[in-house]
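Asker: In case you want the letters, here they are:
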Amino acid sequence: MTGQPNRIYLYSRYERFWHWLQMALIAVLLATGLEVHGMFVLSGFQDAVNIHNFTGLAWLIAFFFFTFWMFTTGEWKQYIPTTRKMLTVIRYYSYGIFKGEAHPVPKSKKAKHNPLQRLTYLSLAAVMLPIQMISGFLYWSYNSWAAWGLDFLSLSQVAFVHTAMAYAILVFIIIHVYMTTTGATVFAHPKAMITGWEDLEEPEVVEDWEKAGS
Amino acid sequence: MQTSTKNIFMLAITACLAFLPAWAAAQDEPPAPGRAMARQAGVLSGDWTTADHSEMEALKKTFESGQQITETCLSCHSLADDQLFHTIHWKWLSPYEDGDLVGKAGYSINNFCISTNKMNDKKCSSCHIGWNGKEDGINCLVCHGEKDMDWKAQFKDYQFFKEMGEAELVTEIQDDISAAVTQIIRPNRQNCGSCHFNGGGGEAVKHGDLDASLINPKRTLDVHMGIDGEDFSCTRCHTTSKHQVAGRVYSTPAVSERKSLVEDDLAPKISCESCHTASPHKEGKLNDHTDMVACQSCHIPEFARAHATEMTWDWSKAGKLKDGKPYIEKGEFDRPVYKSIKGEFGWEKDVEPQYFWYNGSVAALTAKDVIDPSGVVRVSHPVGERGEGQSRIFPFKVHWAKQPYDKVHNTLITPLLSEENNGYWKTFDWQDANTRGMALMDLPYSGEMGFVETTYVFPTTHMVAPKENTLSCRACHRPENGRLSNLAGFYMPGRDRFALMDYGAWILAIAALAAVGLHAIGRIVANGSRKED
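Protein sequence lines, in the order shown, are assigned to chains F and E.
The first sequence begins at 1 in the working numbering and counts up one residue at a time.
The second sequence begins at 1001 in the working numbering and counts up one residue at a time.
No lab work stands behind these hints, which were simulated from the structure alone.
Treat each hint with caution, since some may be false.
[Said to hold, decoys possible] In silico negatives: residues of chain E with every beta carbon more than 10 angstroms from chain F:
1) H1053
2) S1075
3) K1118
4) E1146
5) G1165
6) G1201
7) K1242
8) R1248
9) V1249
10) D1291
11) H1477
12) L1513
13) H1519
14) R1523
[Stated by the list, open to error] Mimicking EDC-like on lysine to aspartate or glutamate, the simulated pairs with C-alpha atoms at most 16 angstroms apart in a straight line are:
15) K1531/E / E101/F
16) K1285/E / E101/F
17) K1282/E / D47/F
Ideal Cβ placement from N, Cα and C applies to all residues, glycine included.
Bound-form chain F, shown alone:
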């Protein structure tokens, strides 16, 4: 009797590429952004500013492609928020997980995200990141505000929003990275985001006699 793990193809090549690209962009932006904010000295202020601006604009452009992909593929439906089973999921992560219980909302190709993920990713992709991109773009275009009729803005306010959101994303990353270890095995989720194939928690047991030709 051999257990054949139940694997499903969850993430397309573009999704995986987008995830890791975005991770790299955010890492660079966080590091250079905090340096510009005066937290530490890494590459030097001027380089930090230039790298930050370049990366930020690259992200903005790439994000348009991502949005396009979301709507042409219909993947946006994966992010529709729901309260169903929300409490169950919360109960799982704060209690059941310690008991070795199974995840109450297993992943499938049609539903990659549990209710908690849906809400988190939706607020990330639809609220936090756009706010960060818009405030970043405004920050970057500071010298053109007068010409664009935006001089009612103050750099201080824009910088505040941009910095606050950066911290929010930092906190997200801490929790997000930890949550990737909660799959069937510690590396199941990260592996899925690399190969596209996710090992599910409960491997289906296939009896020997069921196998053809045995």
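Dock chain E against chain F, hints included.
Answerer: Just chain E now, with coordinates in the frame of chain F:
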């Protein structure tokens, strides 16, 4: 197939974006636009002439006085004297203010030698371009003579030996005079420097960015004047028309409008932007600064980089004598730290400027103005504030002094100083020096003198460093001890923080880390105990 095409397209775009800066850097480096513009504007030095003064018949004669020389100059340059009489170099009065209030010959005061007592103080007049103050006409050779000459002594000797009948010596002196009179040039750094490098009673006293080190500077000291660089003379930027030299700053700015030669080819070249334009940098973000930060702020990281400059002057310490005699005490930089006639001095080298909003105009007190002696009196200060007109952040030398004031009238006192006038430097008698000094100004003096702390400012604009020595962004964009830490009222990235949010956010981040850490430990422990079961 479709997805993979899309993926390749995406990859290609990202790759292009990622390698764009590297690709740009690999290209042959063209000079920054501002540098290219300035090089176009400044091709070759204007070192051309159509006259050799040693061949001029008019100059082949005996000169017995300065006036005779000037008359001879004017016999050809017939408009020169009238032009000169309209300039500040002659009048020592600001042409921009009414009457004779502002200027060395007026009621202007500083916190060095304080006042010229309306040009009555003989010592001060040594820097006037006349033969004898405004009395005996213009001495053209101060600015146009290549030879440095003590004319007063020369003519005195001439008369003396002539009366003695010493024909040989008379000829010798006359040959010297003749040589000086025929070596005529456009003003060079030495000519201008003879006064402007020695203001305030000595070399490097007054301006922090103008001293004798600029006669033959290295380009590291001044990238424009450096003899191993562009070798500019002063008039290269201080454009002169009808003997009016551009660049004097009183309440009226040296430049009224920021424009380059591209916009107006007859505009004076007095500002950096005249040649370098307002977008001189290759990098856009640096150009974004030029509306708020003057070029000088970053490109002159320190002033007094070759010779130390005088930073403090305490008149209240003057008058101490040794064995009944005045004395001089030298200190660091081989500069006087004490002079009985003047008081105590402080000298500094490689001085970080102080930065202020500045619209190009300097407000200054006159001897007529009432002061508030309870605090530090600003004898002069830069005018401007953020968002107002052409105000930009500009570097300054701030000279501190303690100088005499009238305790009853609350005005600054203008003591008569020179030995030639039997002033304080000879008598060491404040009351007499003050009384006579104020009388020469037609100003009242109560007889009660005190000393008050004062400051006096100089815009720093010379000693522009080569680009590799300019300030880094961090000099200002830093949380603490930045160069602009005293300028408030605006948000500056890297300098300003939202302290409450910063702390809150880091506490939140640490809390998140702690939470996931505990969660992880919980899982490991629970997992272990389940396995044991």
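Asker: In ascending order, which of the hints set out earlier in this document are inconsistent with the structure?
Answerer: 10, 11, 12, 13, 14, 16
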